[in-house]
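Residue numbers (UniProt numbering), protein chains in the order written: chain D, 1 to 506; chain S, 1 to 506.
FYI, nobody ran anything at the bench for these hints, they're computed from the structure. Nothing here was measured: the structure is a model prediction, and the numbers come from that model. If a hint is listed, it holds; no wrong ones were tucked in.
Calculated Cβ distances over 12 Å to all of chain D for the following chain S residues:
| hint | residue |
| --- | --- |
| 1 | Q8 |
| 2 | E84 |
| 3 | P104 |
| 4 | V178 |
| 5 | T207 |
| 6 | E379 |
| 7 | D391 |
| 8 | Y495 |
Not the full set, but computed from the structure, chain S residues with beta-carbon under 10 Å of chain D:
| hint | residue |
| --- | --- |
| 9 | A26 |
| 10 | P39 |
| 11 | G51 |
| 12 | T52 |
| 13 | F229 |
Beta carbons are placed, not taken as given, at the ideal position from N, Cα and C, and that holds for glycine.
Below, each chain spelled out in residue letters.
2 protein chains.
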Amino acid sequence: MTVTSIQQTEKAFFEEIKKILAYQEALNLIYWDLRTKAPAKAVEGRSQVIGTLTGEVYQLMTSEKMREYVGELLDPGVRDRLSEITVKSAEHLKKEIDRMIKIPSDEYRQFVELQAKSESVWEEAKEKRDFQLFKPYLEQLVEMTKKFIGYWGYEGHPYNTLLDQYEPGMTVEQLDTVFRQLRDGIVRLLEKIEGSNVRWNSEFLHTHFPKEKQEAFSLEILRQLGYDFAAGRLDETVHPFAIGLNGGDVRITTKYNEQDFRVAIFGTIHEAGHAIYEQNFSERLKGTPLFGGASMGIHESQSLFHENFIGRNLHFWEYNYGLLKQYAGGAFDSVSLDDFYRAINEVKPSLIRIEADELTYPLHIIIRYELEKALFTGELAVDDLPAVWNDKYEQYLGVRPEHDGHGVLQDVHWSSASFGYFPSYALGYMYAAQLKAAMLKSIPDFDRLLAKGEIAPIRKWLTEHVHQYGRLKKPLEILRDAAGEGLNASHLLNYLREKYAYIYQF
Amino acid sequence: MTVTSIQQTEKAFFEEIKKILAYQEALNLIYWDLRTKAPAKAVEGRSQVIGTLTGEVYQLMTSEKMREYVGELLDPGVRDRLSEITVKSAEHLKKEIDRMIKIPSDEYRQFVELQAKSESVWEEAKEKRDFQLFKPYLEQLVEMTKKFIGYWGYEGHPYNTLLDQYEPGMTVEQLDTVFRQLRDGIVRLLEKIEGSNVRWNSEFLHTHFPKEKQEAFSLEILRQLGYDFAAGRLDETVHPFAIGLNGGDVRITTKYNEQDFRVAIFGTIHEAGHAIYEQNFSERLKGTPLFGGASMGIHESQSLFHENFIGRNLHFWEYNYGLLKQYAGGAFDSVSLDDFYRAINEVKPSLIRIEADELTYPLHIIIRYELEKALFTGELAVDDLPAVWNDKYEQYLGVRPEHDGHGVLQDVHWSSASFGYFPSYALGYMYAAQLKAAMLKSIPDFDRLLAKGEIAPIRKWLTEHVHQYGRLKKPLEILRDAAGEGLNASHLLNYLREKYAYIYQF
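With the rest of the complex left out, here is chain D (with noise of 0.2 Å):
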């Protein structure tokens, strides 16, 4: 190809992406809208709209033109006299239109209906606790999947292909290694906890708390955080998320308890982590595909960084506690910060994930992939998944559900077939510490930051080493130029053995 063919190509393969990003921020726009402003009779005509849009991304990216760019880009000849940016971009389309295109149209019509209705279904049979309502439709979508599975072909584990999805790059073989490292070292602490004698009456977490309070707070610490309110806003939702439109709007919402304010405090906390990993993307990624999170994982790491290994650090509420008590008018006075700090930091094995403490959290997530892990292999079939997770709960946690709502049935994720999108939560808090054990040699006052109030340092680090990469680097490349090592459970391990012996003395 000559030079100008070159840049021709390059250009006309940009207006294509333009045309999709610009179809996925009307789509992103949409999803927010209804979630917290759109009235009730909006859903019908608005689901329309998101059928169309879909569909025309789905033509952009798949047609003849936008695959013979990639082509052409990709070419030996060709992409070494490329920029990284196009490169990439080109690589990472390559990627989604070989999934795409894989799937027979017919099929994947058949796979998107099944999702709808299995979403609805699994709905009513949490709220009736019937795990024979699902079944069904769960053992559908597993088959479809498993046909999928077949037509992307794998490397290794056929569970690999999932994982790749939300976690390129990510492998069984890794998983196995550190999630088996990470199991037995809580079941360990867990124990030691179990053993201890600390306890304490944190019946004050539960005073009432008004809402309106509880939100101006939120936005003290929001503002503290660096969360750009220029380029984004806080809303209120049933099920709180964090949603980029663009690098200039990147919105959060919080839901509000008043007899229990930790659940918008860390909650917001949270989804600011992943809006500040947003709004803190490269302008040079502006326009192209690489505009976005690395991988989930690397998205969680950065929500959990900042809801643990800030939100939850007692120098944080050394600064913040004052603030607190003012918004609470007056209702934890009597409380020390100590206290306080124990208090919000209790480890109680339970049987929600979603309510789940620090410690105990990676549990829950170890249990689905070993799940989700068995059920692809065939070692494990859908009927026996009630009976199969109840057990496991007993093993690790010691607790046994008492019905499938609060057991196989909790989680939204298997009813859109989201198989391989667990393993991200429990994979971000292992980067986040890693990502803390790293950051503490060049911020080694980090507490002594946090007990002052300037988490603009930490911040920028996790920008220069973090956000400002978008998906220009893989995650386990992130991992490893930021940290200088592949993924170790052991930081994870160290935080919360460090943090449980202060809290419960062993």
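Go by the hints and put chain S onto chain D.
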């Protein structure tokens, strides 16, 4: 064409329409969001999305494919075999496409750029009260519009084709007659009012009225009017508007002035009139281009019917004044209903259109109409606008702007070359009065219903005779079918004469 191939064309035609409607719905959500919720930094990226989606709509409308479908469906041998909805949908598209394709695409691009620039220059000029700044832009906008008139062609008067964009079927010939009658009638009424000795103190209108209370009262009134909150919502903006995303989602906004509650109350009722229109299009028009307002004038007839014929009616306040007093926290307790009614209907010739009272409002419109018409016949040059503007204000209203910021620069319309739009406001007012007169024949106890807070029968009449048809009927068809006559200024004049004779006792 065979029956099968006609059906195929019809299906393919509506598939294309579905896409266009989806893009338009997404665009409308973007506009709503930009004016109500979006953070400042969202704008740059969002503008590109608007550009992309607007471009796609243009492509879809003017594609070879679409033109073929429209041509086939409107073929004399075919159209007779189609439903009314299909034929009128194709006709609607044909008209829009014809307008679009007659303008060379490079000139259109140039025009769009000029519009964007002109709007920001206009803002600055208005701010600085400096017409000279805006003049060269306005000259270009007029010149390009003249060229477009040449491309489009016209019958009778060149201004007719501009009118037709907003009010299909309306002509200078018709407007000249009714506007002259209206102008003379209003000027005579103004003289009577100025000769009247009835004056009163309306200072109480400026009592402090907290925003939250105004909002709560507005919501009460909206419910009374039958605005469906399951298909809409109320937000706050600098410039109030109504926007229909789909039939189940028609949103309105309002503005609060704590020193003048009338801004929010009457503004909300006005926008509710627009919204109730769009909430009541017939279901059978869904998915077609006929699911929209018949014209700007018909749209305005619904907002003005609500604002003036309901909201400024003595009996409406007979029912609601007690409620207002409650929300106002006793501020109006010493003001009688009659004094209140007189105060909110005070006539005071003024310089600013959007602040005008019910009587003098049409004069503001007629001035703009006379000027626009003269611009396009060449009788008037842009350079002469400010002086002629001021002269006409002095002649019709007895007031003269001290600077162009309060004169020729006050409205945004010309900066986007929306020539032909202004008459809709006065047309809507006349339509509303004609509809009211017709309605009285089947609802003679109109005032008594208002006095009981029973607005449903009134709304239902409007739905039956206006709302449901969307674009299935042309404006003058709606008028003829509902009121049994053509455009007629007498009803509005009668209404105004009766109302002000009571208030000013002449």
